[in-house]
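Engineer: Protein sequences, first through last, are from chains A and B. Residue numbers for the first sequence follow this note's numbering, so the first one is 485 and each next one is one higher. Residue numbers for the second sequence follow this note's numbering, so the first one is 105 and each next one is one higher.
Accuracy of the hints is not assured; some may be wrong.
To be verified - Distance condition first, Cα-Cα at most 25 Å in a straight line; then the derived SDA-like pairs of lysine to any residue:
hint: 1; chain 1: A; residue 1: LYS741; chain 2: B; residue 2: LYS140
hint: 2; chain 1: B; residue 1: LYS128; chain 2: B; residue 2: LEU143
hint: 3; chain 1: B; residue 1: LYS158; chain 2: A; residue 2: LYS576
hint: 4; chain 1: A; residue 1: LYS741; chain 2: B; residue 2: ILE164
hint: 5; chain 1: A; residue 1: LYS741; chain 2: A; residue 2: ASN756
hint: 6; chain 1: B; residue 1: LYS158; chain 2: A; residue 2: GLU742
hint: 7; chain 1: B; residue 1: LYS140; chain 2: B; residue 2: PRO234
hint: 8; chain 1: A; residue 1: LYS741; chain 2: B; residue 2: ALA174
hint: 9; chain 1: A; residue 1: LYS576; chain 2: A; residue 2: ALA587
hint: 10; chain 1: B; residue 1: LYS236; chain 2: A; residue 2: ALA564
hint: 11; chain 1: B; residue 1: LYS219; chain 2: B; residue 2: GLU242
hint: 12; chain 1: A; residue 1: LYS668; chain 2: B; residue 2: VAL172
hint: 13; chain 1: A; residue 1: LYS741; chain 2: B; residue 2: HIS231
hint: 14; chain 1: B; residue 1: LYS219; chain 2: A; residue 2: PRO743
hint: 15; chain 1: B; residue 1: LYS140; chain 2: A; residue 2: LYS576
hint: 16; chain 1: B; residue 1: LYS158; chain 2: A; residue 2: PRO743
hint: 17; chain 1: B; residue 1: LYS158; chain 2: A; residue 2: PHE745
hint: 18; chain 1: A; residue 1: LYS668; chain 2: B; residue 2: LYS158
hint: 19; chain 1: B; residue 1: LYS219; chain 2: A; residue 2: ARG692
hint: 20; chain 1: A; residue 1: LYS741; chain 2: B; residue 2: THR223
hint: 21; chain 1: B; residue 1: LYS219; chain 2: A; residue 2: THR669
hint: 22; chain 1: B; residue 1: LYS158; chain 2: A; residue 2: ASN713
Hints listed in this document are in silico derivations from the structure and should not be mistaken for laboratory results.
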Amino acid sequence: MKKIQILALVLLLALTASTALPARSSSMTEVDETVIADTLHKVNQGAPVNRIVVEMTYDTEKGTYSLGGFTAEQLRVIGAPQVNGEVMTLLKRIENAHLAIDAQSLAADINGQPLATVNWDPLSRRAIFDLAGEYGLHLDANVQERAEGWLDVVDVDITIRQSSQVSQPLLIQLDTPLQVDVAKTGRLVVEGVDTGMAMYSEVVRLARAGSIQNTTVCWNEGALTADLNGSELPSVTVHREGLEVLDQALGLRLGNKEPFFNARAGVNIAFNGSGHPESASCGD
Amino acid sequence: MPKRLLYLLVLAVIPVASIFAFYKLVLGSPPIPLPKITLAVNDARFRDYLENAKVDRLTITWVTNGDVVASADGEDLAEITYNLGSFQNTVNLGEAIILSDSAWWVRYLLYPPIKLNATAASVFFYHVIPVKITLVLES
Numbered sequence: 485m486k487k488i489q490i491l492a493l494v495l496l497l498a499l500t501a502s503t504a505l506p507a508r509s510s511s512m513t514e515v516d517e518t519v520i521a522d523t524l525h526k527v528n529q530g531a532p533v534n535r536i537v538v539e540m541t542y543d544t545e546k547g548t549y550s551l552g553g554f555t556a557e558q559l560r561v562i563g564a565p566q567v568n569g570e571v572m573t574l575l576k577r578i579e580n581a582h583l584a585i586d587a588q589s590l591a592a593d594i595n596g597q598p599l600a601t602v603n604w605d606p607l608s609r610r611a612i613f614d615l616a617g618e619y620g621l622h623l624d625a626n627v628q629e630r631a632e633g634w635l636d637v638v639d640v641d642i643t644i645r646q647s648s649q650v651s652q653p654l655l656i657q658l659d660t661p662l663q664v665d666v667a668k669t670g671r672l673v674v675e676g677v678d679t680g681m682a683m684y685s686e687v688v689r690l691a692r693a694g695s696i697q698n699t700t701v702c703w704n705e706g707a708l709t710a711d712l713n714g715s716e717l718p719s720v721t722v723h724r725e726g727l728e729v730l731d732q733a734l735g736l737r738l739g740n741k742e743p744f745f746n747a748r749a750g751v752n753i754a755f756n757g758s759g760h761p762e763s764a765s766c767g768d
Numbered sequence: 105m106p107k108r109l110l111y112l113l114v115l116a117v118i119p120v121a122s123i124f125a126f127y128k129l130v131l132g133s134p135p136i137p138l139p140k141i142t143l144a145v146n147d148a149r150f151r152d153y154l155e156n157a158k159v160d161r162l163t164i165t166w167v168t169n170g171d172v173v174a175s176a177d178g179e180d181l182a183e184i185t186y187n188l189g190s191f192q193n194t195v196n197l198g199e200a201i202i203l204s205d206s207a208w209w210v211r212y213l214l215y216p217p218i219k220l221n222a223t224a225a226s227v228f229f230y231h232v233i234p235v236k237i238t239l240v241l242e243s
């Protein structure tokens, strides 16, 4: 948790230290469908993409919200918290807001007006990390390295806006698998950050029994592929009808299933400090 | 070997070899469908699942040259595809987990011949004559 707070503070420092640049020309109130089409095109072209497009809509009259194409009720099923009154009061003052992060810049708009833009590159990001370190917010070298690896290819687009409509479906297209380390005790470390959570002991026991040191699991628009210690496993394809039947049979109330079939993401799990192979990827 | 016996042997082998060559080269070795197996599952939870999903029957079709499909009322739900390598990797993982707590005689005496036969069968049904096994589950 502390490291997440540190990351948030680093971003805040960067925003504070930056100068707002001239107004962005385009309206940022809605996720443009061309953004999604552009991402899918890049993926089809084989270019490395770590793209996340998230939209949140909120209805301050009714006090409800929608995130990534899911309604508040659907999100509550998976444990998402309700938005409390204070947050809604704050959101009432914001018509819309937009945050875009890529390898070159971080830009924020509120109500169509530019708030701040930070132009950055690996060197300036290193300077931000060093500055944070000077204030006692030291990030481990491996965390910095992973953060830099992500920021170098990341393309994040976050929009929030007042609307009673359900938000646009979430788009996740990640070529870089998340690195997860599982200690002997089951303790979970994601991208070098200790989550404070632990994997089920039964899973850890099975991994030990199966001599599993490393596994990569990738989800690509309905297809699930995996390898174990570098050896390929059978692939599973889930059809839309299949997810629909599973949803109804188990009463999962997943709602809009489109995000699952637009998503591309993966995870590389290393057990007992076995390390992550450089070759681990979810690309074709 | 008496000439007559050799002659009979050749007579027997030639038609079988011809049929096999026709099956492999002309037909492209399509999987041979085996009779459907229908199982009535008397389990309340399974019945609830089918009722919730408004599905009458669940069908699992395994084509032994690398494809397992789950379908409901004619619609494909999910599919598992494998090759001999990925199949063997899964078997290796399964045996490592299952045999880790077993007695030494199971691991070293009982299991090896079973594995040899199972591997030979999987290679035969994958490469030589694939078959299609259909299992229909009803409540």
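Engineer: Taking the hints in turn, state whether each one holds.
Structural biologist: Hints, verified against the model:
1. LYS741/A x LYS140/B: violated, 33 Å
2. LYS128/B x LEU143/B: violated, 33 Å
3. LYS158/B x LYS576/A: violated, 43 Å
4. LYS741/A x ILE164/B: The given pair, whose Cα atoms are some 24 Å apart, holds under the 25 Å limit.
5. LYS741/A x ASN756/A: With Cα atoms ~35 Å apart, LYS741/A and ASN756/A exceed 25 Å; violated.
6. LYS158/B x GLU742/A: Given pair LYS158/B, GLU742/A holds - Cα atoms ~21 Å apart, limit 25 Å.
7. LYS140/B x PRO234/B: The hint holds at about 16 Å.
8. LYS741/A x ALA174/B: holds, 19 Å
9. LYS576/A x ALA587/A: violated, 32 Å
10. LYS236/B x ALA564/A: This hinted pair is violated, its Cα atoms lying about 45 Å apart.
11. LYS219/B x GLU242/B: Since the Cα atoms of LYS219/B and GLU242/B sit roughly 32 Å apart, the hinted pair is violated (cutoff 25 Å).
12. LYS668/A x VAL172/B: Roughly 35 Å between the alpha carbons, so the hint for LYS668/A and VAL172/B is violated.
13. LYS741/A x HIS231/B: Roughly 38 Å separates the two Cα atoms, so the pair is violated.
14. LYS219/B x PRO743/A: violated, 42 Å
15. LYS140/B x LYS576/A: violated, 62 Å
16. LYS158/B x PRO743/A: holds, 24 Å
17. LYS158/B x PHE745/A: Holds, at roughly 23 Å.
18. LYS668/A x LYS158/B: violated, 44 Å
19. LYS219/B x ARG692/A: holds, 22 Å
20. LYS741/A x THR223/B: violated, 39 Å
21. LYS219/B x THR669/A: Distance of about 33 Å is beyond 25 Å: violated.
22. LYS158/B x ASN713/A: At roughly 40 Å apart (the allowed maximum being 25 Å), ASN713/A and LYS158/B break the hint.
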